[in-house]
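According to our numbering, the sequence shown is numbered sequentially starting from 537.
These are calculated hints, taken from the structure and not from any lab test. Nothing false has been slipped in among the hints.
Using 25 angstroms as the maximum straight-line C-alpha spacing, the simulated DSS-like pairs for lysine-lysine come out as follows: (1) Lys658 x Lys687; (2) Lys655 x Lys683; (3) Lys655 x Lys584; (4) Lys683 x Lys699; (5) Lys683 x Lys658; (6) Lys584 x Lys658; (7) Lys687 x Lys699.
The following label-pair restraints were derived from C-beta to C-beta distances: (8) Asp556 x Phe614: 24 to 32 angstroms; (9) Asp562 x Ser677: 37 to 45 angstroms; (10) Gly570 x Glu649: 38 to 46 angstroms; (11) Asn569 x Ala650: 44 to 52 angstroms; (12) Asn595 x Ile643: 38 to 46 angstroms; (13) Asp562 x Gly610: 24 to 32 angstroms; (14) Ser616 x Asp562: 22 to 30 angstroms.
All values derive from a computational prediction rather than experimental measurement. Even for Gly, the Cβ is constructed at its ideal location relative to N, Cα and C.
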Amino acid sequence: MGEIAVAKETGAQPGAVEVDFRAIDDLIFTRFNGDKENIIMILQALNKEYNWLPEPVLNYVSTRLDIPLSQMYGVATFYSMFSLEPRGRHLICLCTGTACHVRGGQIIKERLEAHLGIKPGKTTEDMRFTFETVRCIGCCSIGPVAKIDEKVYSRTNSAAILKALEGYT
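Modelling step: build the complete structure from the supplied sequences, incorporating the hints.
Following this line, the structure appears as structure tokens:
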């Protein structure tokens, strides 16, 4: 597991989790000193651990830090790095900005949709991949660009990306 042991998939259904509230308390009060000002960093740590922000976790953090739940959701929905839905084990981000689009990004998008059987913003049934498109990854000079987890694939094409997916289990 990651830096903190806060949850595990229950297996009952995708996204069902068992929450370790003591570990969340440890994160909030030991690592971040119970400081409300650290809410974004707390949510980042939890999002990294779960790969999304489950409702029971948001409710608990809201209660422990005395932050209104509406404010918690405001933060979680404002930043695109957070997800309120279960994500796959691997996140595929495909740049659809102008530079990547004119260099074949649309073809990569179509091939990924066909290969994965999902549209951008969705997760495969086996919870292996979540596929997202982004307006810009910030690598315009080396497009088209895709990112799988933290690995950037530059000057890529659909065959190379599909081949790369084979290495992600």
